[in-house]
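Participant: Listed below, chain by chain, are the residues.
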Amino acid sequence: MEYSVSDLIRILLKRWYVVLLVMAILGGAAGVLSQRSYQSALAEYEAYTTRTVPVNQETGDLVASYQCDFSMQDMSRYRERAASKNRFIEAYLAQDGVSSSDARRYQEAENAYAAANADFLQLFTQESVLAEVQAFAAGQGYDEPVVVQADGTVSEAEQPLQTAEHFQLELDSTGLLTVSITGLSEDMASALLTAYWQAVEEAGMALYDMQISAEPLTRVYVPQKLSLTEDAILSQTVMQKPERAPMFLRAVGKGAAFGFLFGCFGVLLYTFIRDTAPEKKPRRAGESVG
Amino acid sequence: MRQLFAQTALLRTRQSILSILQPLSAFASAHHTALIWCLGIVYKFALDAMYVWAASPLYSYAGLTFSPSFFKYVVASAMYFILFALLPKRENDIACFLMHLQLAYTVAPMLSFYAFSGASSRYMLMVFLAVAIQACIVFAPAAERKPIHITGIKNYVTVALGVLGIFVLVVPVLYNGFAGIKAFDFRYIYEMRANAVYPPGFGYLQIWLTRAILPFALLTCLMKKRYVPAALCVAAQIIAYMESGTKFELFILVPILAIWLLSRTGHLLKLMYLGMTCICVLVLLSYQLDHVSGAAFGLNVSFIIGVRAIFHPADNKFNFYQYFSQHPKIHFSEGLLGKVFSLTDLYAGSVGQVSYAAEGGEFLAANMNTGYLGDSYAQMGLIGTLSMAFLLALIVRALRTYNTPAAYPLLVSLFSIYFIILNDIALLTVLFTNGMLVAFLLVFIYLGKQEDSSNGIQRI
Chain A
3 MEYSVSDLIR ILLKRWYVVL LVMAILGGAA GVLSQRSYQS ALAEYEAYTT RTVPVNQETG
63 DLVASYQCDF SMQDMSRYRE RAASKNRFIE AYLAQDGVSS SDARRYQEAE NAYAAANADF
123 LQLFTQESVL AEVQAFAAGQ GYDEPVVVQA DGTVSEAEQP LQTAEHFQLE LDSTGLLTVS
183 ITGLSEDMAS ALLTAYWQAV EEAGMALYDM QISAEPLTRV YVPQKLSLTE DAILSQTVMQ
243 KPERAPMFLR AVGKGAAFGF LFGCFGVLLY TFIRDTAPEK KPRRAGESVG
Chain B
74 MRQLFAQTAL LRTRQSILSI LQPLSAFASA HHTALIWCLG IVYKFALDAM YVWAASPLYS
134 YAGLTFSPSF FKYVVASAMY FILFALLPKR ENDIACFLMH LQLAYTVAPM LSFYAFSGAS
194 SRYMLMVFLA VAIQACIVFA PAAERKPIHI TGIKNYVTVA LGVLGIFVLV VPVLYNGFAG
254 IKAFDFRYIY EMRANAVYPP GFGYLQIWLT RAILPFALLT CLMKKRYVPA ALCVAAQIIA
314 YMESGTKFEL FILVPILAIW LLSRTGHLLK LMYLGMTCIC VLVLLSYQLD HVSGAAFGLN
374 VSFIIGVRAI FHPADNKFNF YQYFSQHPKI HFSEGLLGKV FSLTDLYAGS VGQVSYAAEG
434 GEFLAANMNT GYLGDSYAQM GLIGTLSMAF LLALIVRALR TYNTPAAYPL LVSLFSIYFI
494 ILNDIALLTV LFTNGMLVAF LLVFIYLGKQ EDSSNGIQRI
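Top line first, the protein sequences correspond to chains A and B.
Mapping of the first sequence onto the working numbering: residues 3 to 292, in sequence order.
Mapping of the second sequence onto the working numbering: residues 74 to 533, in sequence order.
Just so you know, not all the hints are guaranteed correct.
Claimed, not checked - Where chain A lies over chain B, by a calculated footprint (3+ residues, C-beta under 8 Å):
| no. | stretch |
| --- | --- |
| 1 | 139 to 145 |
| 2 | 218 to 227 |
| 3 | 419 to 428 |
If you are wondering where the hints come from, they were derived from the structure by calculation, not from laboratory data.
No residue lacks a Cβ here, since even glycine has one placed at the ideal position from N, Cα and C.
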């Protein structure tokens, strides 16, 4: 089938209303679709770039500081510890005809305080204290929180909590204690902190007849920031946040302009298909349809 | 006297060659079905062997992994043979050839990759379905339609294309200078491309000239046995390459001329399978011979053919599926349809750049090429894949109406190029940007009846 250029123009002019209809349809569709596409792109951007690593419980770090001190009702433990040394010194001085002076007595008391203070300071990190806390956690049935790595792998579930791995203790010579409990929920961290103080007090009394006092100074719980998945990080790289929705009228105009081209193409295609259709065989006389 | 002697010698040589080829041709015609099946089967196994013993060992670190599955191998083989059986095996039928070319060059490597690398069964099934439906549409029995031709503008168009050709060949020299022989240093061309500057929209003209107009002109000249103008077309194509540094413009000449020559034997389909099998064996042997010694030739052949041309596009299609099956599709927002409907593009780069980044590459640093089967999935999932397969089927059906014995060599040589490009580029891009539509227009205008010069321009 052959067409000249003027044939093609004539075909298009003859079906101008079809071209107009296609322009109207595409213009309208472009107006609606452009807005929907923007909304959907925006929602998808938010959804894919903010995906966080899923965790079964919220975890965080509890940091508390205390000014600690101790007091004693019964000093006999430290007296007995220094008794042998004192007896020797007193006997030695007695042979020289010298009696024990007040200064000497004061020195003994100083030594006893130093010994008690050393015991006080090492009490907070004593193995028996930490063992008590571990026993408390086991008694409560605490488990390690399930951690999902950025690549989606999950740590083994229902592992018993290992308190030593979450506890950090810092104590200076003035009795300023900072307890950090990391990677646990706030409730669990608080319960462990209470159990820790109870264990410290009990151990102080049992081991050294010491009453421990702790004046709370600060206490802060910082929930851990949920980390983005690797996919979200990739999405932040490869996706762009849609800035603003396309202007409705502009979208309609653009759709209509392209609609003109599509309409012309459609009209020509329809004409080509119609004109190049194989000819039907002429029906014989008396032959009926169906 | 001497000239007469030379002509006699030439005729004798020609006759002796023909005396060998004619019985071969007669044998191939007589046993056409058996031969084509044998070649199809041998090609399948040669491709598998090339993957296992050349492509995968060479490029396993970048995707061509080897984790075979017996089940997948059986499924992949079944898919290949079903598709092969589904396609008619007629010679001198452009639709048959193009569909077989797609099977051999695009689908079969995907099937081998699927069987040996443990890729997604769902996507493979999707592609199988799309190609099977496509074959059914292309070869559905229907009464023959008349071809469409546009008359009365041939001479105007010839003059316009001549002016365009000169314009496209001159402008790059004015903008970027002429690299000359240095352009054949394949490392230097990357520098050339990086520094090249063109006027806006010039890229389209350049691609249309080198991928549609010049190949069409070359083939028309060859058809009419006008070898001097044909040589000029080849020269223009090479000059265009030397200006732009795009290797495809140079290499395109090889398949065009090879397919044109082979199409004249009347056994193009069989020779295509034979040629593809030979290429697989060549790659396999060159890799096996050279990988121990590290000699560059074998490794380069394996990389350019086995990896870059055949299996890398197959791998990329699965990569596209991998990413876009779990992330928002493009919905044509980055192309022409996106402009028509003013759609919002969610991604900051092209689909190829996004896929490259998803595979661990640096975003925007490189582009992962995929064919229309991968791209259409990224656009609209299964519906997109089926739609593009349907559209391509309609194009092939339309092309079939021009398939006359005289036009066959030209059509098959020209449109095979687009089917080769379709293994790397999306269908709409090939249609609009890479010149397929321009080639169609040229067919509309030039393959009609010879017209008298009633439009005022006299043929010289």
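Participant: Now tell me, hint by hint, if it's right for this structure.
Facilitator: A quick look at each hint next to the structure:
As drawn, the stretch 139 to 145 of chain B meets chain A at 0 residues by the rule of a beta-carbon pair under 8 Å; below three, the given contact is violated. Using a Cβ-Cβ cut-off of 8 Å, 9 residues of the stretch 218 to 227 of chain B lie near chain A, which meets the minimum of three, so the contact claim holds. Counting residues of the stretch 419 to 428 of chain B whose CB lies closer than 8 Å to any CB of chain A gives 6, which reaches the minimum of 3, so the coverage claim holds.
Of the numbered hints stated above, the single one contradicted by the structure is hint 1.
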